[in-house]
Amino acid sequence: MRIRYNTSAILTNKALNFNDSKLSVSSERLSSGYKINHAKDNPSGLAIAKRMSLQLRGLSNASQNASDGISVVQTAEGALQEMHSMVQRLSELAIQAANGVYSEQEREMIDMEVKQLKEELNRIVKDTEFNGQKLLNGDCDLKGYTDAKGVDVVYYADEVPVGQYVIDAISPSYDEDGNLEDGSVTLRTTGDNAFPPDSTITYDGNQVTVTAANSFEITFTLDDVIEQQSADGSITLDITGLGAMRMQIGANEGEILELRIPTVSIRSMGLTRYDITTPESAKLSIDMTVKANSYISSVRSRLGAYQNRLEHTSNSLDTTHENMTEAYSRIMDTDMAAEMTEYTNQQVLTQAGISMLAQANERPQQVLQLLQ
Numbered sequence: 003m004r005i006r007y008n009t010s011a012i013l014t015n016k017a018l019n020f021n022d023s024k025l026s027v028s029s030e031r032l033s034s035g036y037k038i039n040h041a042k043d044n045p046s047g048l049a050i051a052k053r054m055s056l057q058l059r060g061l062s063n064a065s066q067n068a069s070d071g072i073s074v075v076q077t078a079e080g081a082l083q084e085m086h087s088m089v090q091r092l093s094e095l096a097i098q099a100a101n102g103v104y105s106e107q108e109r110e111m112i113d114m115e116v117k118q119l120k121e122e123l124n125r126i127v128k129d130t131e132f133n134g135q136k137l138l139n140g141d142c143d144l145k146g147y148t149d150a151k152g153v154d155v156v157y158y159a160d161e162v163p164v165g166q167y168v169i170d171a172i173s174p175s176y177d178e179d180g181n182l183e184d185g186s187v188t189l190r191t192t193g194d195n196a197f198p199p200d201s202t203i204t205y206d207g208n209q210v211t212v213t214a215a216n217s218f219e220i221t222f223t224l225d226d227v228i229e230q231q232s233a234d235g236s237i238t239l240d241i242t243g244l245g246a247m248r249m250q251i252g253a254n255e256g257e258i259l260e261l262r263i264p265t266v267s268i269r270s271m272g273l274t275r276y277d278i279t280t281p282e283s284a285k286l287s288i289d290m291t292v293k294a295n296s297y298i299s300s301v302r303s304r305l306g307a308y309q310n311r312l313e314h315t316s317n318s319l320d321t322t323h324e325n326m327t328e329a330y331s332r333i334m335d336t337d338m339a340a341e342m343t344e345y346t347n348q349q350v351l352t353q354a355g356i357s358m359l360a361q362a363n364e365r366p367q368q369v370l371q372l373l374q
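If you're matching positions, the sequence shown starts at 3 in my numbering and goes up one per residue.
A couple of the hints might just be wrong.
Simulated pairs of lysine-lysine, DSSO-like, Cα-Cα distance not exceeding 27 Å [as the list claims (entries may be wrong)]:
id, residue 1, residue 2
1, Lys285, Lys24
2, Lys16, Lys120
3, Lys293, Lys128
4, Lys151, Lys120
5, Lys117, Lys128
6, Lys136, Lys151
7, Lys16, Lys42
8, Lys24, Lys37
9, Lys24, Lys42
10, Lys151, Lys16
11, Lys151, Lys128
12, Lys117, Lys136
13, Lys117, Lys285
14, Lys37, Lys16
15, Lys120, Lys136
16, Lys52, Lys42
17, Lys128, Lys145
18, Lys52, Lys37
19, Lys136, Lys293
20, Lys52, Lys16
21, Lys145, Lys120
22, Lys52, Lys293
23, Lys293, Lys145
FYI, nobody ran anything at the bench for these hints, they're computed from the structure. All values derive from a computational prediction rather than experimental measurement.
All chains, full assembly: derive it from the sequences and hints.
So, in structure tokens, the structure goes:
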């Protein structure tokens, strides 16, 4: 028996410190709710969990972005709904004015309402916005430009390749109904910057639509006066493929939705020549309102499709978020029942260690009895 070095106390103290350390870890897990509080607890699990956490935060924000996109669509669609009603009222007024029983003075009285409706249409286009960004004036649509004043690109399909397309000649002539006649536009279909060889042209009022295979479609308008810049009389259309509102609908780069809202103005609806001051012009205006009504319907249909897609996107993101949260929880969260069992076990061992350390410290006192 020895009194200088108490080996029993040293061994007991080592076991006590070990159990106390494990008791502290268990206590930390129970109090924080996390199974991994430090990198040393599970290095690979921590790396996986933090990557999941990054994705979870991104998915949450992406879902919010999709909801914002739905609000944008609803705002634009609400304005278009009212414009639809006004165009239908313009149709009623045109039909009324086309009746030969009205005098010129009476048509002027009808025209007073027409002017107010046109001003209101322009106001809605100008003032409809979301978070300061205008929605119906073309700012949220793909941009196309020309090098001639009086020729404006109003629409082109998503499938149109980005680049330049040349119109060799424009000589607009109109029939008695105010529609462009065949031959008003000559396209370049060979060589550089050419339209597809199978391009066909259709005319509707002052609008020219070029279509070809693979959903190729470009629509542009012609004014009564066209100022060309090139010496050979050709006009170049620059199709940029840029300008749509880009919605980040995913947690990773490139997961976007380009939200296109075409220009919805009196010009794009084909109501520039709308006039009811004479029975003849009123008859032509009836057809204009039919086409304007169809144009608004097509834009609203596009917006409705966007809204349905965004709602599905939001639901998908929420489902993914739920599943990833469950996986994240399995890695990071403490199993309270199992950890409480471990805590109780370590608590008993710690108490036993304290008791045995007290016994070990008393052993040298027992040796002193041999010296009496």
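When you check the alpha-carbon spacing of lysine 117 and lysine 285, does it fall within 27 Å?
Roughly 18 Å between the alpha carbons, so the hint for lysine 117 and lysine 285 holds.
For the pair supplied as a hint, lysine 52 and lysine 37, is the alpha-carbon distance within the 27 Å limit?
holds, 13 Å
Given pair status - lysine 42, lysine 52, alpha carbons within 27 Å
Answer holds: lysine 52 to lysine 42 is near 14 Å, not above 27 Å.
Agreement of lysine 37 and lysine 16 with the hint, judged by alpha carbon distance not exceeding 27 Å:
holds, 25 Å
Next pair to validate is lysine 120 with lysine 136; report whether the Cα-Cα distance is within 27 Å.
holds, 19 Å
Given hint lysine 151 paired with lysine 136 - CA-CA distance at most 27 Å
holds, 24 Å
Quickly compare the C-alpha distance for lysine 117 and lysine 128 to 27 Å and report which way the hint goes.
holds, 17 Å
If you draw a straight line from the CA of lysine 16 to the CA of lysine 42, is it 27 Å or shorter?
It holds: about 21 Å lies between the C-alpha atoms, which stays within 27 Å.
27 Å limit on alpha-carbon distance, applied to hinted pair lysine 24 and lysine 42:
holds, 13 Å
Given pair status - lysine 16, lysine 151, alpha carbons within 27 Å:
violated, 90 Å
Does lysine 293 sit within 27 Å of lysine 136, going by the straight-line distance between their CA atoms?
Cα-Cα ~24 Å, so holds.
Lysine 128 and lysine 145: Cα distance at most 27 Å?
holds, 18 Å
Violated hints for the displayed structure, listed by number in ascending order: 1, 2, 10, 20, 22.
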